[in-house]
Amino acid sequence: MSKCILIVDDEACIQEVIQISLETIAGWEVITASSGEDGITKAIREQPDAILLDVMMPYLDGLATFRRLQADPKTQQIPVLLLTAKIQTSELQQYKKMGVKGTISKPFEPMQLAQEVAKALGWLQYGNH
Amino acid sequence: MRILIVEDDEPTAAALSEILTEQSYAVERASDGAAGLALAEAFSYDLILLDVILPNIDGVSLCRKLRSQHYSIPILLLTGRDSGHDKAVGLDAGADDYVVKPFDPEELCARIRALLRRGKPDTQPVLEWGKLRLDPSTCEVTYGEHKLLLTPKEYALLELLLRNSRRVLSCGLILEHLWSFEDAPGEEAVRTHIKGLRQKLKTAGAPTDLVETVYGIGYRLNPLNSSSLSTQSIQSSAQLHQQTMQTAIANVWDRYAANIRQQIQQVEQSAQLLVDQTLSLPEQQQAERLAHSLAGSLGTFGYAVGSQTARDIEHLFQSNGSLSELDAKQLIELVTTLSHQVILPPPSASLPQPQCEWPLLLIMSNDQTESAQLLTEAQHRQMRTSVVPSSASIHQQIAQQRPDVILLDLDTATSLDNGLQLVAQLQAYQPPIPVLVLATPEHHSSTSGGLSLRQRLDVARSGGRTILQKPVSTEQILNAVDQILQQGTVTTSKVLAVDDDCQVLAMLRSLLTPWGLSVMTLDQPQQFWETLEATEPDLLILDIEMPTISGIELCQVVRNDPRWSSLPIMILTAHTDAAMVNQVFAAGVDDFVSKPIVGPELVTRTINRLERTRFLKQWAEVDPLTRVSNRHKSTQDLNQFLYLAKQHNQPVCIAVIDLDNFKQINDRYGHATGDRVLQDVGQLLHRSFRNDDVIARWGGEEFVIGMYGIQKRVGVKRLESLLQELRHHEFPIAHCDSTACQTIQLHITFSGGVAEYPDDGDNLHALYQCADAVLYQARAAGRDRVLCAGY
Numbered sequence: 001m002s003k004c005i006l007i008v009d010d011e012a013c014i015q016e017v018i019q020i021s022l023e024t025i026a027g028w029e030v031i032t033a034s035s036g037e038d039g040i041t042k043a044i045r046e047q048p049d050a051i052l053l054d055v056m057m058p059y060l061d062g063l064a065t066f067r068r069l070q071a072d073p074k075t076q077q078i079p080v081l082l083l084t085a086k087i088q089t090s091e092l093q094q095y096k097k098m099g100v101k102g103t104i105s106k107p108f109e110p111m112q113l114a115q116e117v118a119k120a121l122g123w124l125q126y127g128n129h
Numbered sequence: 001m002r003i004l005i006v007e008d009d010e011p012t013a014a015a016l017s018e019i020l021t022e023q024s025y026a027v028e029r030a031s032d033g034a035a036g037l038a039l040a041e042a043f044s045y046d047l048i049l050l051d052v053i054l055p056n057i058d059g060v061s062l063c064r065k066l067r068s069q070h071y072s073i074p075i076l077l078l079t080g081r082d083s084g085h086d087k088a089v090g091l092d093a094g095a096d097d098y099v100v101k102p103f104d105p106e107e108l109c110a111r112i113r114a115l116l117r118r119g120k121p122d123t124q125p126v127l128e129w130g131k132l133r134l135d136p137s138t139c140e141v142t143y144g145e146h147k148l149l150l151t152p153k154e155y156a157l158l159e160l161l162l163r164n165s166r167r168v169l170s171c172g173l174i175l176e177h178l179w180s181f182e183d184a185p186g187e188e189a190v191r192t193h194i195k196g197l198r199q200k201l202k203t204a205g206a207p208t209d210l211v212e213t214v215y216g217i218g219y220r221l222n223p224l225n226s227s228s229l230s231t232q233s234i235q236s237s238a239q240l241h242q243q244t245m246q247t248a249i250a251n252v253w254d255r256y257a258a259n260i261r262q263q264i265q266q267v268e269q270s271a272q273l274l275v276d277q278t279l280s281l282p283e284q285q286q287a288e289r290l291a292h293s294l295a296g297s298l299g300t301f302g303y304a305v306g307s308q309t310a311r312d313i314e315h316l317f318q319s320n321g322s323l324s325e326l327d328a329k330q331l332i333e334l335v336t337t338l339s340h341q342v343i344l345p346p347p348s349a350s351l352p353q354p355q356c357e358w359p360l361l362l363i364m365s366n367d368q369t370e371s372a373q374l375l376t377e378a379q380h381r382q383m384r385t386s387v388v389p390s391s392a393s394i395h396q397q398i399a400q401q402r403p404d405v406i407l408l409d410l411d412t413a414t415s416l417d418n419g420l421q422l423v424a425q426l427q428a429y430q431p432p433i434p435v436l437v438l439a440t441p442e443h444h445s446s447t448s449g450g451l452s453l454r455q456r457l458d459v460a461r462s463g464g465r466t467i468l469q470k471p472v473s474t475e476q477i478l479n480a481v482d483q484i485l486q487q488g489t490v491t492t493s494k495v496l497a498v499d500d501d502c503q504v505l506a507m508l509r510s511l512l513t514p515w516g517l518s519v520m521t522l523d524q525p526q527q528f529w530e531t532l533e534a535t536e537p538d539l540l541i542l543d544i545e546m547p548t549i550s551g552i553e554l555c556q557v558v559r560n561d562p563r564w565s566s567l568p569i570m571i572l573t574a575h576t577d578a579a580m581v582n583q584v585f586a587a588g589v590d591d592f593v594s595k596p597i598v599g600p601e602l603v604t605r606t607i608n609r610l611e612r613t614r615f616l617k618q619w620a621e622v623d624p625l626t627r628v629s630n631r632h633k634s635t636q637d638l639n640q641f642l643y644l645a646k647q648h649n650q651p652v653c654i655a656v657i658d659l660d661n662f663k664q665i666n667d668r669y670g671h672a673t674g675d676r677v678l679q680d681v682g683q684l685l686h687r688s689f690r691n692d693d694v695i696a697r698w699g700g701e702e703f704v705i706g707m708y709g710i711q712k713r714v715g716v717k718r719l720e721s722l723l724q725e726l727r728h729h730e731f732p733i734a735h736c737d738s739t740a741c742q743t744i745q746l747h748i749t750f751s752g753g754v755a756e757y758p759d760d761g762d763n764l765h766a767l768y769q770c771a772d773a774v775l776y777q778a779r780a781a782g783r784d785r786v787l788c789a790g791y
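Residue numbers (the numbering used here), protein chains in the order written: chain H, 1 to 129; chain S, 1 to 791.
Simulated from the structure, these hints should not be mistaken for laboratory data.
Beta carbons are placed, not taken as given, at the ideal position from N, Cα and C, and that holds for glycine.
Hints should not be assumed to be uniformly reliable.
Result set (DSS-like, lysine-lysine): computed pairs, CA atoms no more than 27 Å apart in a straight line [unchecked claim]:
{"#": "1", "chain 1": "H", "residue 1": "K74", "chain 2": "S", "residue 2": "K646"}
{"#": "2", "chain 1": "S", "residue 1": "K153", "chain 2": "S", "residue 2": "K131"}
{"#": "3", "chain 1": "S", "residue 1": "K717", "chain 2": "S", "residue 2": "K646"}
{"#": "4", "chain 1": "H", "residue 1": "K119", "chain 2": "S", "residue 2": "K153"}
{"#": "5", "chain 1": "S", "residue 1": "K617", "chain 2": "S", "residue 2": "K633"}
{"#": "6", "chain 1": "H", "residue 1": "K119", "chain 2": "S", "residue 2": "K65"}
{"#": "7", "chain 1": "S", "residue 1": "K202", "chain 2": "S", "residue 2": "K131"}
{"#": "8", "chain 1": "S", "residue 1": "K147", "chain 2": "S", "residue 2": "K131"}
{"#": "9", "chain 1": "S", "residue 1": "K633", "chain 2": "S", "residue 2": "K717"}
Computed beta-carbon distance windows for the label pairs [what the hints assert, rightly or not]:
{"#": "10", "chain 1": "S", "residue 1": "P282", "chain 2": "H", "residue 2": "E109", "range": "28 to 36 Å"}
{"#": "11", "chain 1": "S", "residue 1": "A114", "chain 2": "H", "residue 2": "K97", "range": "50 to 58 Å"}
{"#": "12", "chain 1": "H", "residue 1": "I44", "chain 2": "S", "residue 2": "T548", "range": "46 to 54 Å"}
{"#": "13", "chain 1": "S", "residue 1": "P758", "chain 2": "H", "residue 2": "I44", "range": "14 to 22 Å"}
{"#": "14", "chain 1": "S", "residue 1": "R559", "chain 2": "H", "residue 2": "E109", "range": "51 to 59 Å"}
{"#": "15", "chain 1": "H", "residue 1": "I44", "chain 2": "S", "residue 2": "T138", "range": "55 to 63 Å"}
{"#": "16", "chain 1": "H", "residue 1": "G99", "chain 2": "S", "residue 2": "I343", "range": "42 to 50 Å"}
{"#": "17", "chain 1": "S", "residue 1": "Q664", "chain 2": "H", "residue 2": "P79", "range": "57 to 65 Å"}
{"#": "18", "chain 1": "S", "residue 1": "N222", "chain 2": "H", "residue 2": "K97", "range": "52 to 60 Å"}
So that you can see chain S by itself, here it is in the shape it has in the complex:
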């Protein structure tokens, strides 16, 4: 946990720093407002401790500035004045809490812990590993019966290991988490603390190898010999960058490998010519430059040896005149070595790619075949999975890493009541973990043979999110999981609340912010329209009674503008009589919350409303078969790209691709097979392009891809590597003719055309037509290729 202290008074700052360091936080200090702002902007902190009176920018203004830039981490104000007015000003500026100076260290720490808990709702109370137990709320560590007395650094180290119990932590990573940038000691410090920790664990009766050294990599907790846990490995802590980076860089390498190998070939040819003394001087200089850049790029991708070889080659090309016989021999040897050195994937790319940012699906089921199918299929959809066979191990699993969704087969539970009880327990986590329930219809229940209302009610009452009737296909299950995951993303939504009562606004803010919502407040209804346009909220909360303008009038104003016609609106009202309710709904309000506000009710209504809206929006924007954008949505996004590109003078690459001979697949193998192929292609597209690229299906077997800031030559390369992957993709098809049935492996290809803004057109229509014309040429030239406009 990293805390920034902004305090100009040196003794106070030193005292704060000492108190917080003692509590094993990593602390950084700034002594005026400007320095504090610069640090907050440049680095990420878990909390900011802010003095109100500061040179150049005062604490309240700084706070307001950070909030206006959507900086959402907890801010704790330190104020010298204990007046209600000052506190209100601070809280209105966006601070989460305040402490009056002179402060009581114990109270300060408790408030910090409270804020950090709120900021990170997903931290589970107690961390356990076998007999080892760490309670973050009391900072107590026990092994079996024995209590461990740890230093702050040892404690933080153990907590880090427990929170990342399934991975090896490198010294560098431990340094980064336990120390601030400036005071980071060398790696030997980590070794010293590990040693201290091991010693204390041993004294408490733990095995000596509980904290295991993985030579050359780092440290980890020795895996427990628990057969109850699945062998499916779980990668943990999505927050950590390393794996994300390695994966991303490995992807870059995949795209450029062919290019780099070609450069090596070029160097090889030039070397031969140089030895034969038929290389011109400009050609020699060109080869030297090539070797130079190879040394740089190979090293960056992790080929340390290859980089050195390229460097040696560069030196030999630098020589004037003809090479000595010895040099010539060496040069030829070096270039051959170099081409061999890059045959294997780079060291960083060959590491297992954990993709820890994928959502985690926890499966509790006895049906092994079903689980196995789910595991493979989930991987295709970029989800991680883990299987637990019984309810006994489920909580342990959750403590190690919080899953995003739990799939619970009710038949796995010893009894129906037990199963429902487990669902209810999962809802008690903060925030609740969504549960998808699989259930078998009761035999006697209904004539239709489906799930009875009672079964559905039971599950809903215990808090289950979705219920599916067995038997159910893997695909149905994962579609439902996808839907739940989509709902999870509401937490990035923006809410605008309008009320003339500042206290109500402060309350709304404090109720909704812990749920990850970004809450903006406005106490002057006159400024409503400007604020609405400037903030573009995902949901509005309006007070019904305000001086000069009422909430209902504001609602009508919003509904009168077609752009805002689908914005969800909730009204705060003290009166809920029938006439009022009628009037409210007639004005276009979606829901109302009665005053005085009941916290949980408000939160539930807000989150539900946001989820419903998102769900409906998704239906309107995503192609249900391939799960890429539909034409309507992608047209909006692409136009947005072009608008931005005009402003920032950036290129935009528009590609149109068309699956080759697709009609034949439909004709020969049926439309179900055709759909399956389209579905796979949709997934392949999702995997191959970046999140911020636009990927869309415009109809039939035609897809459109938009890449912002990318030139067409790069766009063509990306499409070519996609084509390469598709060529090798096998679509298993059950094919029957008059004599026999067999499974055949179908291969397909596509033709593509690429155009670039602004070179090939300045609006979407022109660019699409240009790319489509090039696509036509690609098809005429024999399909299975990507062509570029203007070449």
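Chain H extracted, bound-state conformation:
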């Protein structure tokens, strides 16, 4: 009954920390994929409420994965957040122009992650005032 988030990250340890953090704090359901290809397959099949996508991955990197997700009518409506090292505002603008919903900077603070994600996705603005 809660939100479902797909995490795409090739590093298993980061995957697990994100999973623990989102499950414990926000109670969301978390599914994981360890490569861009895997992420696309799971996004099509599971239709998550949002995707958290690591930029730096071997083979199909985050941006290429994002473009494929955008090109596919089955996944283009799913909001995507990029996991990336701290970036310049100009870069963020560029990502936003491409259709990325927002970014989460690495390293992140596990206690704050759920709130950051919810904020970036606009899930906190429902019906308030």
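Go by the hints and put chain S onto chain H.
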């Protein structure tokens, strides 16, 4: 306490918000049904205040939708119409109560308080800390004789501190509990309220440091200098996530530390090659990527400095061509620094790990040796413990944190009557706290030297749950505690009630829901079978007289299907003559409740029945020696994993492990020692794997582990860290040969084989055989190792 208001009328919403904020609740608002649903689904609230007439999804439908998704928090309906029919529709949809508009603020608040009390049966009436006293039912705070006049935020802050009196609360945590997400101010607001609170406490005569600042961490109540309380620290409030998270993340770190250190070594080697100008470009890019991910992962695990170092290294690897002499020197320095920075465990992992979700066992005993043994042994079984020496301090202790089980040595009480009285008092808490009684047999009582029936009766009459005869081993005590804890979990059970009378159904719901049971109701017996299959209840309550189909017929239908043959069934009946009772039991009914329903009787019968069933089920599912699943139960669970995995295209990792040379241990040191080793291994397995993994003993010294959604390379890593831990585990053994007796430390290892669905097989049998074959190879290769299928 966080409340969600779903109300489209702006002035009403604003008024509600103001009233509730005034009562120090954190309030969030949604102005239509869809927004309300989205918020309720995304975040957790303690109560929802729901208007009946709303745009897009109306209140009653929203309520029904939330209930159909097993959303169990209290819902209070706001209705404009004061008609019996409307109220009935609302209550049938699953609302807990309603208030008619225009509402009286005082009545509204009282109803909210009543619902919140019901939702949280474990809150104790009055919170005390030395002379400080806070009564949540009246919102009154006193220090000694003096009454404190607090603002709502100060009050909420003090309540939070009192409810978590043994821990330090960070500013962030206080913000999270006292304010809603949107209106959360900065940390300076917390400081301001703390200051205000301290000022008022001081005026009332309290010491200035009653609310203590712990620099760099947060605030807490200054510990009382009471020698009557045990020094065993209690961590409190299982609801709070922080410690759970830290523990979980520390566990992840433990599993990946070796991996990450290896990556650092790799970076180190590449750095040396780069300085020597023998690093190829692809290798340099690879090292750069490695440094980049290290910066991310180290920071996430709490190594802020290490993360920065990795970032600096990444920059140096980015340079084209050869490094300047200065850069080269710096690079070598940085990589050496980095490997040193991760020698210590990460800051978050080095914190004491309170594991506040462990159940709390409160021990009242004078026997210090026994208590000390219990403390250590309980820790092994993942229980927290606290010792109180006398009945005087027991209530104080309970007020601070409610224990899950109390162990009461009757010899500690000043007299037998006093002891029994205390047991009865503990039963008066809502819900009652289970008490395990230890008693010494009366000398004259019986020839067998055991506890007399009278002693057993006395304890049972005063409400004691279990009685054990002294002397008793630590293990026996903890087994009994385990059993009581298992019973405690009935409160997550589902009950399906079938009656054509909606009023009876509403009554059943309101009687059973406060006990944490999820109650589903059905007023049309024709739809019984579909509902049964869809809801899979843990207990059935059937009315005996219904139009077209009787309860007895329904019971027979259930009993005719082998899948439901063990489902407990209770019958509601107005007639309890011998013939009827006979007929009812002959049909396979387990118990009956007479109509008109007497609330406490119904609750007791329902809970008892669920506990008995769970107890029997546990016997059928758990291996008594190692307390992991038995083969029968785990086969069901593993097949369920495979079924889900097929549906969701997930991997499942199946591992088989076998203790090395175990037969020799049995032969040399005896089977009791062998059992002890198996027992320890069972505990180690429980600690090492996740709750949703399947852990089972399939026979002898062979264990099977199933991990859903896990690939075999990860599975192998988990097993390797388990093996690592087992290697260092010492089993103390008293060993005697012809000349002397001595205690020796036994070490054991295991061999393991890992297979993965679907790569290595598509059914349990094939996967087991594959893993077992790999296990055989591991054994042939010299034991003490884990091998993976297909490598």
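Tested hints:
Proximity of K74 of chain H to K646 of chain S is assessed by CA-CA distance (about 22 Å); at most 27 Å being required, the pair is judged to hold. A threshold of 27 Å between alpha carbons decides the hint, and for K153 of chain S with K131 of chain S the separation of about 21 Å falls inside it, so the pair holds. A C-alpha spacing of about 24 Å is found between K717 of chain S and K646 of chain S, which places the hinted pair at or below 27 Å, so the restraint holds. For the hint pairing K119 of chain H with K153 of chain S, the CA-to-CA distance comes to about 25 Å; that is within 27 Å, so the pair holds.
Taking the CA atoms of K617 of chain S and K633 of chain S, the gap is near 10 Å; set against the 27 Å cutoff, the hint holds. Using a Cα cut-off of 27 Å, the hinted pair K119 of chain H and K65 of chain S holds, with the two alpha carbons roughly 26 Å apart. For the suggested pair K202 of chain S and K131 of chain S, the alpha carbons sit about 13 Å apart, so the restraint of at most 27 Å is met. A distance of roughly 11 Å separates the Cα atoms of K147 of chain S and K131 of chain S; the hinted pair therefore holds under the 27 Å criterion.
A C-alpha spacing of about 26 Å is found between K633 of chain S and K717 of chain S, which places the hinted pair at or below 27 Å, so the restraint holds. In this structure, P282 of chain S and E109 of chain H meet the distance hint of 28 to 36 Å, their C-beta atoms being roughly 34 Å apart. The given range of 50 to 58 Å is respected by A114 of chain S and K97 of chain H, whose C-beta atoms sit roughly 53 Å from each other. At about 48 Å, the beta-carbon gap between I44 of chain H and T548 of chain S stays in the expected band of 46 to 54 Å.
Look at P758 of chain S against I44 of chain H: about 19 Å separates their beta carbons, and that is inside 14 to 22 Å. Hint check: R559 of chain S to E109 of chain H, Cβ distance near 56 Å, so the stated range 51 to 59 Å holds. Checking the proposed 55 to 63 Å range against I44 of chain H and T138 of chain S shows it holds: the Cβ atoms sit about 57 Å from each other. In this structure, G99 of chain H and I343 of chain S meet the distance hint of 42 to 50 Å, their C-beta atoms being roughly 44 Å apart.
Separated by about 60 Å at the C-beta atoms, Q664 of chain S and P79 of chain H satisfy the suggested range of 57 to 65 Å. As the Cβ distance of N222 of chain S to K97 of chain H is approximately 55 Å, the hint placing it in 52 to 60 Å holds.
Checked against the numbered hints given earlier, the structure satisfies every one of them.
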